[in-house]
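Respectively, the protein sequence lines represent chains A and B. Residue numbering for the first sequence follows the working numbering, beginning at 1416 and increasing consecutively. Residue numbering for the second sequence follows the working numbering, beginning at 2 and increasing consecutively.
A hint or two may mislead.
As the list claims (entries may be wrong) - Some chain B residues close to chain A (C-beta under 7 Å, calculated; not the full set): (1) VAL26; (2) ARG37; (3) GLY109.
To be verified - DEER-style ranges, computed between Cβ atoms: (4) GLY59(B) x ALA1530(A): 44 to 50 Å; (5) SER7(B) x ALA1530(A): 49 to 55 Å; (6) ARG1483(A) x SER9(B): 35 to 41 Å; (7) SER7(B) x ASN1423(A): 46 to 52 Å; (8) PHE1521(A) x GLY72(B): 36 to 42 Å; (9) PRO68(B) x PRO1420(A): 43 to 49 Å; (10) GLY124(B) x PHE1521(A): 49 to 55 Å; (11) PRO11(B) x GLU1479(A): 45 to 51 Å; (12) PRO84(B) x ALA1502(A): 19 to 25 Å; (13) GLY1509(A) x ALA16(B): 23 to 29 Å.
Stated by the list, open to error - Quick look at which bits of chain A chain B covers, simulated, 3 or more residues with Cβ under 8 Å: (14) 1431 to 1438; (15) 1462 to 1475; (16) 1495 to 1507.
What the hints contain is simulated information worked out from the structure, not anything from laboratory work. Computed from a predicted structure; not experimentally measured. Backbone N, C-alpha and C define an ideal beta-carbon position, used for all residues, glycine too.
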Amino acid sequence: MDRPPILNVEGVLLICLMGDLHDRVLSHLFHDLSSVMSSRRPLGVVLNIAGVTMIDGFIAHRLEELSRLSLSLGAPLVIVGMNAAAAATLVEMGLRLGDIHTARDFERGLAWLKARTREPATS
Amino acid sequence: MSAPASLSFPLVCAADLEAARVAAVRLLAPFAHGPRMLARVKTIVSELGRNVVQHGGGGTLTLALTPHAQGVALRIEALDCGPGITDVALALSPGFSTTRGLGLGLSGSRHLADRFEITAPRGGGTLVTAWVWL
Chain A
1416 MDRPPILNVE
1426 GVLLICLMGD
1436 LHDRVLSHLF
1446 HDLSSVMSSR
1456 RPLGVVLNIA
1466 GVTMIDGFIA
1476 HRLEELSRLS
1486 LSLGAPLVIV
1496 GMNAAAAATL
1506 VEMGLRLGDI
1516 HTARDFERGL
1526 AWLKARTREP
1536 ATS
Chain B
2 MSAPASLSFP
12 LVCAADLEAA
22 RVAAVRLLAP
32 FAHGPRMLAR
42 VKTIVSELGR
52 NVVQHGGGGT
62 LTLALTPHAQ
72 GVALRIEALD
82 CGPGITDVAL
92 ALSPGFSTTR
102 GLGLGLSGSR
112 HLADRFEITA
122 PRGGGTLVTA
132 WVWL
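Just chain B, same shape as in the assembly (with noise of 0.2 Å):
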């Protein structure tokens, strides 16, 4: 039985991010990775969906496997319900925080993943996509 193209995952507490990590395990599992990326996965699925729970008010973080120009990558979505993000360039910067933590998780992912947009959708929020090679 292969694994499901798509899986969402409703945010509304930091409890919640630990089926989405979970799940992005399960989706790596066919590529045979190693800690190294299972580490990096998780770490970019912790830190935008807490950036959902801690900032956004909740929302929905999703995660898919998509094809890409060298094979197939994984594409983490979160979309908050917030009132979106007034200055990307701020929320970017390392040492950037609004609540505890060490500042970094925007940042930080960024420099995790291979590819990363914040995007305002016409229906609200802010939608945050980082995607990574497998």
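The following block holds chain A by itself, in its conformation from the complex (with noise of 0.2 Å):
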């Protein structure tokens, strides 16, 4: 799965990454979700990683430049599924994933983002 889909559902976009990620899938992810998000404008972005077995440092820059990318297009990304032991994997090293949000599940991920888009933008 060199290009994994980005699917469009009633506005949040929605990318299943699987397995092992190599660099060139994180690479057309980023170039991809671009594209995607500069002509759709969605509310918001879900990345379910829940089959991807390993992250790495380089892995989770990726995952933080992609988050940063969709922030900066006016659309708030949330990790999903991260399974426990890419978690603990990631603990042990000592690696934060920064201002990426996550959460446990599908349902959670699309909870916040809708809780988040629903928020004033002055407060």
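Hints are included, so try docking the two chains, each in its own frame, into the full complex.
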């Protein structure tokens, strides 16, 4: 899966990543996401990584870039479904995912996105 | 048919890491470890291999099953063709990075491994070795 599909469901972009993430997959995703977001103006992005078995420093960095890209184009990104093995390895390595918002599963991630997009622009 | 005791992979670019990760998982298969151990080993292989490709001008990654006091260990050796690490302590400090990444390649691998060494072989380059008790 070199180019994961980006689905648009009621204004939210859904992306599902599986298996070992190769550099080229993440590179393609960065460019594809920027292109889709420019044309469709989504409310948010849900990135499901439940099927990803390993997250090293490079992958974590690319996920941070995707989150920053999404936010800079006006839509928050939430990562859902990180498995316990990958999460534990990240913690043991001392990695932090910075400002990336994570949720346990798709439903919780979507709920966060909806709550976030309902917030007033100014407070 | 038993798995070979040692496997070597030339590392030139990041795409070469894939074969090494797959081989590591196959070597672990007879030990029936869960996803936690698989993630740990694949991450070490990936971090050490990426270090060879990005900083060392390419090299070789070798996987071997070796005996140790409590049973069997997986030894992961990453040998690069670079000029060597001038400041090992700095390279092992969290946040140290000269390329894209979160700067935790060597220090993160050290935390994941049961034993970790950095040496300078006589033939040149840097040899990073990590052991994981199986």
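Quick rundown of the hints versus the structure:
no. : hint                               : result
1   : VAL26                              : violated, 9 Å
2   : ARG37                              : holds, 5 Å
3   : GLY109                             : holds, 3 Å
4   : GLY59(B) x ALA1530(A): 44 to 50 Å  : holds, 48 Å
5   : SER7(B) x ALA1530(A): 49 to 55 Å   : holds, 53 Å
6   : ARG1483(A) x SER9(B): 35 to 41 Å   : holds, 38 Å
7   : SER7(B) x ASN1423(A): 46 to 52 Å   : holds, 49 Å
8   : PHE1521(A) x GLY72(B): 36 to 42 Å  : holds, 40 Å
9   : PRO68(B) x PRO1420(A): 43 to 49 Å  : holds, 47 Å
10  : GLY124(B) x PHE1521(A): 49 to 55 Å : holds, 52 Å
11  : PRO11(B) x GLU1479(A): 45 to 51 Å  : violated, 30 Å
12  : PRO84(B) x ALA1502(A): 19 to 25 Å  : violated, 36 Å
13  : GLY1509(A) x ALA16(B): 23 to 29 Å  : holds, 27 Å
14  : 1431 to 1438                       : holds (count 3)
15  : 1462 to 1475                       : holds (count 7)
16  : 1495 to 1507                       : holds (count 7)
The structure fails hints 1, 11, 12 (numbered hints given earlier, in ascending order).
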